[in-house]
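Asks: Sequence order for the protein chains is A and B. Per the working numbering, residue 3 is the first one in the first sequence, and the count goes up by one each step. Per the working numbering, residue 464 is the first one in the second sequence, and the count goes up by one each step.
To be clear, the hints were calculated from the coordinates, so they are not data collected in a lab. Misleading hints may appear alongside valid ones.
Distance condition first, Cα-Cα at most 20 Å in a straight line; then the derived EDC-like pairs of lysine to aspartate or glutamate [to be verified]: (1) B:Lys547 / A:Asp304; (2) A:Lys104 / A:Asp304; (3) B:Lys547 / A:Glu11.
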Amino acid sequence: MQIYLPIAEMPVSVLTILAMGVAIGFLSGMFGVGGGFLMTPLLIFLGIPPAVAVGTQTTQVVASSVTGALAHFTRKSIDFKMGAVLLAGGVAGSISGIFLFKALSRMGQIDLVISLVYVVFLSVIGAMMMVESVRAIRAARGGTVPARRGGHHNWIHGLPFKMRFRRSKLYISVIPPILVGYFVGTLSAIMGVGGGFIMIPAMIYLLRMPTNVVIGTSFFQIVFVTALTGVMHAYTNFAVDIVLGFLLVIGGVVGAQYGVRAAERLPAEQLRALLAAILLLISLRLGYELVTTPTDLYSVVDVVPHR
Amino acid sequence: MIALPAYRVALALAFVVLTAGLARADQLVTDLSEHQIAIRSNFTGTQVLLFGAVEARTPGARAINRDIVVVVQGPNAPAMVRRKERVAGIWINHDSVTYPDVPGYYAVASTRPLEVTTTSDILNALRIGIESIDPGVAEARAIDGTEQMLLPEQETAFWKALIRNRQRDRLYVSVPGGVTFLGQTLFRARIDIPANVPVGLYTAKVYLFQDGDVIDTISSPLYIDKRGIERLIYRMAHSDPLLYGLLAVLGAAFAGWLASAVMRRP
């Protein structure tokens, strides 16, 4: 069954979109990630204009992060104060990301930048995850415990504007969380992602937050930053397709349920190696398209007046 | 392919047959199977049938050396063509050329190939054929947005690329032999409208050629627009983008809340 997307202005197969939503929802439930960084490239492969893919994907991220944040709220595993500081940075980042997005699309370079950013982040994070999970799998087989990082002070403790975060048992400067939030907010606007895959490692390794509040706090921040990003994409770029978003949300919600259940039965390290492999494959595919000679060097775009 | 409702075809034929007998001079009578095309959620492209008749000057005279050319043209809009160049191993959009007046859709069908129908001068003057489209004064820009001069052959490469792209998307089509005569006077043409057509006012122009000269033309409008929920969503997204964005995001948040409410149940 085909459905015509009013904003993307093209017909798509309903079953394909639903199946993609379920598959990505499954993975996101399994790995506890938003799934935006998997869905946006898939939508682009499907022929959805990159701007619409990014803008629409934010609605799916809002839906899945609301579900995640609510679950962590009932478990009381959200550091609201840290979340608010990250959010302050995230709002600023999202706004500058939207402006960057608009400027780049006017210059005709937005598709390239989206692809490049994806290739860089997916390959770096995929490679890091792969190395780490392979090491952990080996360690588990050999019976040795992987070396833990020491809790010694780092350069972050020398920064001013310190604030006490009781829930995270931290007394640190607000500058690093604001910068992390800003960076992730910018990426969120350009990539159509929540940015948990950047924020969670940053919270653990850079801010040294306790792991039990990291995911909940990240979800809390992502809800508001992607909500803002989504509204602004709709407002400045007319790039949110409600029909497509609806299909993605439905598929994602259903898939996530099964993903969560599957994750309980599968070993965590193997799962992470699998996710790493998926990330590397997508980045290879995107990277390949950037370097191979296109079949037609010329492309045509409608000149739409931008506001 | 969507089958046209039989009654529409019958109506169009009846109209053509009835009106054809009334004409005195050598002239065209035509009608479209549809004057409005609605893009709804199930739209995957459609077909428009054009029916017509040629009434001969002297009753009973045979239609000889007559050609019919049908041109269906969509709304004009500016279009930009970009050329990729390899920079540091990566293909990036480099130079661009913007044309101010490019038809979003252009279909030409004829009884015989255009080049044997008439001269290229006449084709150009009447803007018949994809090669005769006049896109206006081109504006070339370099990658940094500064205006630049292009040699005519360079600019032609951009224009040819635009045509090639639109032909690939089936937005520009040329069907020599796409107009068929049914007997002496009746003719018909089938025009394919793909799913990716721009919305707006289209015109279907029919030219009657005799010995290479135009002896009659007739033009009828064709309106393509989004309808129903598609129209509602599109209009709201463009006229009320803030409200639209808020609704989209709140709807998504509600779906997320619903999912967690359902999940919490045992």
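Asks: Now look at each hint and say whether the structure bears it out.
Replies: Results of checking the hints against the structure:
With a C-alpha separation of about 17 Å, the suggested pair Lys547 (chain B) and Asp304 (chain A) falls inside the 20 Å cut-off, and the hint holds. Distance hint between Lys104 (chain A) and Asp304 (chain A) is fulfilled; the C-alpha atoms sit about 15 Å from each other, no more than 20 Å. With a C-alpha separation of about 25 Å, the suggested pair Lys547 (chain B) and Glu11 (chain A) falls outside the 20 Å cut-off, and the hint is violated.
Checked against the numbered hints given earlier, the structure breaks only hint 3 and satisfies all the rest.
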